[in-house]
Structures are given as structure tokens and as C-alpha cells.
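K.L.:
Now for the letters of each chain:
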Amino acid sequence: MMKFLHKLTSPPYFYHFSGRLLPWLSGLCLLLLLAGLYGGLVLAPADYQQGDSFRIIYVHVPSAWMSLFIYIVMAVAGGVALVWRIKLAEVIAVSSAPVGASFTFLALITGSLWGKPMWGAWWVWDARLTSELLLLFLYLGVIALYSAIEDKRAAARAVGILALVGVVNIPIIHYSVEWWNTLHQGPTLTKFDAPSIHTSMLIPLLLMAVAFKLYYGIAVLLRARNELLQREPNSGWVAELPEVK
Amino acid sequence: MSRSSLSRAFFFLLQRDLLLAFRRRAEVVNPLLFFVLVISLFPLGVGNKPQLLQDMAPGVIWVAALLAAMLSLESIFRSDFEDGSLEQLLLSAQPAPLLVLAKVTAHWLVTGVPLIITAPLLGMLLGLPGQSIGVLMLTLLLGTPVLSLIGAIGVALTVGLRRGGIILSLLVLPLYVPVLIFASNAVEMAMAGLPIVAQLNILAALLFLALALTPLATTAALRISVS
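Chains A and B are the protein sequences, given in the same order.
Residues in the first sequence are numbered from 0 upward in steps of one, following numbering that gives the first Met the number 0.
Residues in the second sequence are numbered from 0 upward in steps of one, following numbering that gives the first Met the number 0.
No wet-lab data here; the hints were simulated from the structure.
Owing to the predicted nature of the structure, the values given are computational and were not obtained by experimental measurement.
Everything hinted at is true.
Below, a sample of chain B positions facing chain A; criterion: calculated Cβ distance under 8 Å:
| id | residue |
| --- | --- |
| 1 | I152 |
| 2 | L156 |
| 3 | L160 |
| 4 | L169 |
| 5 | L170 |
| 6 | P173 |
| 7 | L174 |
| 8 | V176 |
| 9 | P177 |
| 10 | I180 |
| 11 | F181 |
| 12 | N184 |
| 13 | A216 |
| 14 | A219 |
| 15 | A220 |
Each residue gets a CB set at the ideal place from its N, CA and C atoms; glycine is no exception.
Go ahead and model the full structure; you've got the sequences and the hints to work with.
P.N.:
Following this line, the structure appears as C-alpha cells:
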């Protein structure tokens, strides 16, 4: 296992391995996405309080989860890149940022589409929304910093530091805005004793969550492959690629 | 390395930075002027109803303090980076986080302390009641060092860039949010006559967390920027 991981961190091996992995990931992602959407939009019953508009959670909740998950992935990869100087970790960290920012944006947009009929306002300065917005700014900061520094290896290490500082701040921001004021509904899934959501609604949601994770995997692999090619245009393994020849 | 040589290095660098700051008084005065100017724009912009101004005062003063602190951040490392003394500092035998802490302390003494001293006057102009002005000063006393400490990371990351200003604000302002929320909340609570121990405790905790961790992050960022 360790040997495999070690091999995986070499750019050429990673490039070939991810190339073989991608079709499988894409197929599985598409399958789960279709199943989740069918289950969520057709099979699941309308909510007794919110009617059909609750169905937006099938996009909203997985994107919100992904927005946090990707930030943590980015911070961990950034930390690994800082400590061990592994090129692949640098590439994963910087490739994750735009994907994470898109999911954060999607969560904000779907949230406000849902908020208009439910709360009667597109935007409320509520704890969850505000911390999500700040998360978006943290992502944008990472992207801006990476694109501003010329030397891409130095830029990736700078991004690692920023991501680690941001990850320390995320819980602080989350709780500070939570204590500041709150309107967003409480958690419906993380109550362990009895989830307050019906199984027929829950299963599509979980399918969608896995599909979104796979989508992130696909997107980050594609971006990482692209980034590797851009970083090492003159190296031998790139010259030998059949698509380059 | 003995303890006395560590504290000598710290105070020597602190003294040097303070001396440099007083040689360039404009840089010291400008953030303060900016702070006063931004606050005086609010009564003009939102109207001069005393109740409205009083309600907004804690937030307005704190947001202005945030912006003023951010405006002055570049001076922590910029000139040292340009004349090469930053590299010498990082190469010196003394631990770099300690030297970073000395530079940040100098920055806070030069830009943070004047804000704390001017704040009561501005609070009175916006109609803050007497007992909350003390709380405002207390929150600034606990909060502005955190702004300098966190801001130093942002400057360290962007000091090598030709136009780091806009990026600096994008990096630093989201990280300032917790300080803003707890500090302005404490002042609001004090205005309402409610207890503020919790908010002050959290601000103090943020200060100690920042004191312990940010010099390390700043040092790592500086090493990337000068390399």
C-alpha cells in the first residue's frame, strides 16, 4: 500500500494511472447522479411543510458538504506539500481550489433560490450563509494568490500556508457567526438518534452526495493532469505521451 | 543561545523598527487619518439621526479599524524586503519567529495604539454612551494586536508581488471576521447593559492563539517570498 502511494506521487505514474481511472469514475458518477436525481425529483414525496421546493436540497446540501470537504482536502494537501515537498500534493491543492469555489458558489445560489419562497428573502445575514460566503472569499483568496505568484512551486507552497491558516479560521468563523445570530434551519441529518428526514428522501440525498464527491474526484484529476502538463512541458515523460506525439 | 541574547535581539529589532517609523511620520499618521475620515463619512452618508448613529457606532468604528489596520500592513515587511534586510533577518542566528514577533509588535505600537487612543473621541462623536466607551477601548486593546498578527501572514505571502495590495485585502479580511464579530458584539452588549465577559474571553483567546501560531506561519511565508 505504502509502495503504491509512493509510486502514485510520481507525476508520470499519476498521469497514466488517473487516465485509466477517469472513465470508471465518470461512469459511476453519472450512474449515481441519475439515480439520485430520479429518486429525489420523482420518487421522493413532497415535503409536508415545504412542498416541492424542498427538492433543491438534492443539489444544495451536497454542494455545501463538498465546499467544506474540498477546503479540508486542500489544506491537507497544502500541508503535505509544505512538509514533504511532494509535487503531486501541490498540484492537488491548487487544482482543488477552483472546484471548491464553484461548489461554494453553487451552495450559495441554490440556498438563495430556496430562501426566496421559504424566508421571503434572497439573502439573509444568517450564520450559515455568512460563513459560507466567507468560505467563498477564502477560496478566491487562494486562487488569486496562486495566480499572482510567477514561480508555480513557490506559489503552491504559499497556497499551502494560506489554506492551513484558513482551515484554522473556518471553525472560528463558523461558530462566531453562529453565536452572532441564526435563522437557518437546524441540522436534519447529523442527529444520530433519529434523522428527522424520511428514508425515501434520505437515500437520494446520500446518492447525490456520493455522486458529487465522485464529480469532485473527476474534476480535480482532470485539473491536476492539466496542471502537471503545464508545469513540465519539456520533461521526457510528457514528450512520450501518445497524445503529445 | 542564552535567554538574554534572545530578548536583546527582540528589543533591538523593536527599537529599530520604531525608530524607522518615527523617521517616516507620514506612514504613522496616514492610517490614523484614514480611520477618522472613514468614520466621519458615515454620518454624511447615512444621515445624522443620533439613534441610528449610536446603533451603528460599534460596527462602524470596528470596520474602520479593520480597514486602517489593513492599509498599514504593507509597512511591516515592504521596505525591509526591498532593501534586502529581510533576507538578513531570516539568515540571522536568532529564531526568525521571534524577530517576526518583534516587527509585528512594532507595527502594533505604531498603528494599533493610536487607534485605541483616538477611539473614545470618535465614540463620543457618534454618541456612544459613557460606559461602553471603556469597553470599546478594551476590545480594541485585545483585538488590534490580532489584526497585526494575522495581517503579517498576508503581507509575508504577498510581499514579493509587485501589486499585492488588492490580493492582500482578499487574503486578510475574511480572517479578520471573528475579531470584528466578537468585538463589535461586546460593545453592543455593553450599550444594552448586558454582561460581556464571554466576548472578552474569546477575544483574549484569539489573541493568545494568534500570538502562538501566526509568527510561525509568517516566517514560513517569508521564506517562500524571499527564496
